[in-house]
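Line by line, the protein sequences are chains A and B.
This note's numbering applies: residue 1 is where the first sequence begins, and numbers increase by one.
This note's numbering applies: residue 1 is where the second sequence begins, and numbers increase by one.
I should point out that these hints are in silico values taken from the structure, not numbers from a laboratory.
Treat each hint with caution, since some may be false.
As the list claims (entries may be wrong) - Under the rule of at most 35 Å between Cα atoms (straight-line distance), these lysine-lysine pairs were calculated in the DSBU-like manner:
| # | chain 1 | residue 1 | chain 2 | residue 2 |
| --- | --- | --- | --- | --- |
| 1 | B | 19 | A | 448 |
| 2 | A | 448 | A | 539 |
| 3 | A | 235 | B | 17 |
| 4 | B | 19 | A | 206 |
| 5 | B | 11 | A | 235 |
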Amino acid sequence: MPLDIKPVAPGHSFTVVGTRPLRPDGLDKVTGRAKFGADATAPGMLIGKVLRSPHAHARIRSIDASKALALPGVKAVVTRDDFKEGDPDFRDVLRNIMARDKALYEGHAVAAVAAVSAIVARKALKLIKVDYQVLPHVTDVEQAMRADAPVLHDDMFTAGLEEAPDNAASAAKAEEFGHVEDAKEKESDPHHGASLTGGFRPQSKKPSNVAKRHEFGHGDVEKGFAKADIVIERKFRTEATHQGYIEPHACLANYGSDGQGELWGCTQGHYMVRNVSAQLLGMDVSKLRVTASEIGGGFGGKTTVFLEPVALALSRKAGKPVKMVMNRDEVFRASGPTSSATIWVKIGCTKAGRITAAETELKLQGGAFAGSPVDMAAMAAFACYDLENVKAVGWDVVVNRPKQAAYRAPGAPISAFGVESVIDELAHKIGMDPLDFRLKNAAKEGTKSSYGPTYGPIGLIPTLEAVKKHPHYKAPLKAGQGRGLATGFWFNFGGQTCVSLNINIDGTVALALGTPDIGGSRASMCQMAAEELGIPYDKVRAVVADTSSLGFNDVTEGSRATFSSGLATIQAARDAIGKLCGRAAQMWGISADAVVWKKGHAKPSGSNAGNFEPLSLADIAKVAANTGGPIAGHYEVNAEGAGVSFSTHIADVEVDRETGRTLITRYTVIQDAGKAIHPSYVEGQYQGGAAQGIGWALNEEYIYGEDGKLQNPGFLDYRIPVASDLPMIDTVILEIPNPGHPYGLRGVGETSIVPPLAAIANAVSAAAGVRMLELPMSPPKILKAIGGQAAGKGKSKEKGGSKR
Amino acid sequence: MVDVVLWGSLKSVAGGKAKIEVEAANIRQLLTRLGEAHPALKPHLERGVSVSIDGRIYRDAWFQPIPPGSEVYILPRLAGG
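Chain A extracted, bound-state conformation (with noise of 0.2 Å):
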């Protein structure tokens, strides 16, 4: 936190924080008058359309539009060549939203119409020529890594390897894998193979699949091994889900004859649209406004560009508004899913439930180009724990698929899942609550986290505290249904931010924000501004600024805005609180060092600053022309002292063993919130991420055939969690203040999508009476595996799954 911001002081009574006023957008928003990226408009509107690869993998040999071009009412077409290659850092992101030399995967953009209505771009679309040359594909992270895999990028070279180019070291230690260790008991699984990579040779020299090597952790993992009475390692799978926001990508795109553009449309980061497009486009980013419109979802699927830069060439050419909105099956196909992956986890404790040593290797897709989040996943794989023996491996791997984006807590799910579940394992194995197990072993002040730095006061005991209190743990369960706790932590981040106070003539306040509103964040700024400036929450209205309003702002992402712009917004107040009084100093006549601002009024410090009576907020504000003009508070940061987040979940599930159905029947979030500036958006947050992980867990998956093309881009194959699926998402909302934010919050959007896919697999592998290894656990999985189970029995234990 910067040195000129003041914490509350401890034990601060709140007026207007901590409350629970109604949503500025939320008339709007059941009313229908609300205005999402499709509602803009303009006159003499075009409609953008986008051809898109049919293929999988295909180099692309010529493109010819002449047709198009031709067919009455199509006024413009861009391809490749209307974009060029610049600054390397916005390479991917340009191949992405326009293909080059080659087409990356089914649904990637390979040309663009701009015409008078939608059938006729669509009709301009089937008349464009593409030359494919037809490539191998592969979609399956572990065959990407193999050395017979076809090759997506000739200029990629596997970056941060241990030991390159020669791994024979790694390949010695993979080998040792494939075996139970002596005088020890252990549960290994056989999936896992005679490899750490799965046949993959880490090789630097040569074009790979494998962007990445990451590797965290510290002590020696082997001797911790040695010293465990029990060693768990399993192997789990998930696959890739989309965040499911329900509103589509879609942007009204103005380029005028002037040079100067402007554009409208739903994102986290208007900002960054300004930034990429301009720098695309080759424009200066002066010449182009961004205005965000309402959302309709995020969850980090609009963080960043898909048609905006597209829409702004194609209006460029024709001379006119542009506008393009992605349909359901471009967003399954097009837009930014999260990845795939596989998880080894192997872990050893003591018969008294200390963990000695705790491994993982973790295997991303992120699509077409690299950059998944598995950096991220092997920092939070163990970071709940206090591990003096971890080691967490990374690979970042290309595929065939469109390319990933960011989904709450990227990459923490994931991890969370296989390590849980096996921590969940090994505490079944020697006889101790799950609970009692992650209480024993659980990260503190002082720890070395899995990662590296030191925690300082961090709030991961107080869940578990809290789990152990709440009556849901401790409630009966009926015959088939079963019970799983799962942690899970996020790392939260602050960024750059800017906001403005105005001050109004009647007294009441607007309030310029940058980050755009995708949970609620404009009510907890309005209280965080009415609590400064001691005024009604009602007095206080926040927009979404545009691009040419404000200073820049980071993107809405890590759980970031109600944290910064929170922090910008009580700075501002404290800036504009500071004009006010300078203004009642002038008209008593007085030094501005001898007013004070109490409950949203100007008095005099003491008796020896003299006897006036107090001025409100709205006596200033009315004649403030006549004593210096407008007044306003600013406040630009770049925030950081976030502050980490964690979340204890507890799922109950009943599985029905003939259908293999999972129902859901009670469900528990406890997290800390550092502050809930708005109790009820908090608990929609942890309800949000809760509901998410849930489909995760039970029915979302990208599935992909043998052809490379996604088989269900729709909500009727794609199953997402509706209200009739899920129960009340009962919340607890800790409040353990960050020092790092003046009224102690910690973002909480993220982290409450990290313990669920666990949760729900350890509370389905106890009712179903079997380990579920792979993600989601649909019916035919779950039947599959008690299948399994039934079929196995009588196996020795070193080969098969689960003792549970």
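We have chain A already, so just place chain B on it with the hints.
For chain B alone, kept in the frame of chain A given last:
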């Protein structure tokens, strides 16, 4: 002087060294001097990293002081959704 610990994939770029001793009073000096001492690190540092000082993670704060004897880690740049 501070001891800086590099995360795994940077270690290989720095000639296998996981821990490097650097004279730096703030994050900017730290990154500059790391790049000078190990030029192969420079492009990685310029692309963006996070720096943890005594357990608190910073993404961009060049002028954040590094007290002598601090625990300092270079980590991947944090991303979120």
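Comparing the hints with the structure gives:
{"no.": "1", "hint": "19(B) <-> 448(A)", "verdict": "holds, 16 Å"}
{"no.": "2", "hint": "448(A) <-> 539(A)", "verdict": "violated, 46 Å"}
{"no.": "3", "hint": "235(A) <-> 17(B)", "verdict": "holds, 31 Å"}
{"no.": "4", "hint": "19(B) <-> 206(A)", "verdict": "holds, 29 Å"}
{"no.": "5", "hint": "11(B) <-> 235(A)", "verdict": "holds, 27 Å"}
Hint compliance for this structure: hint 2 alone is broken.
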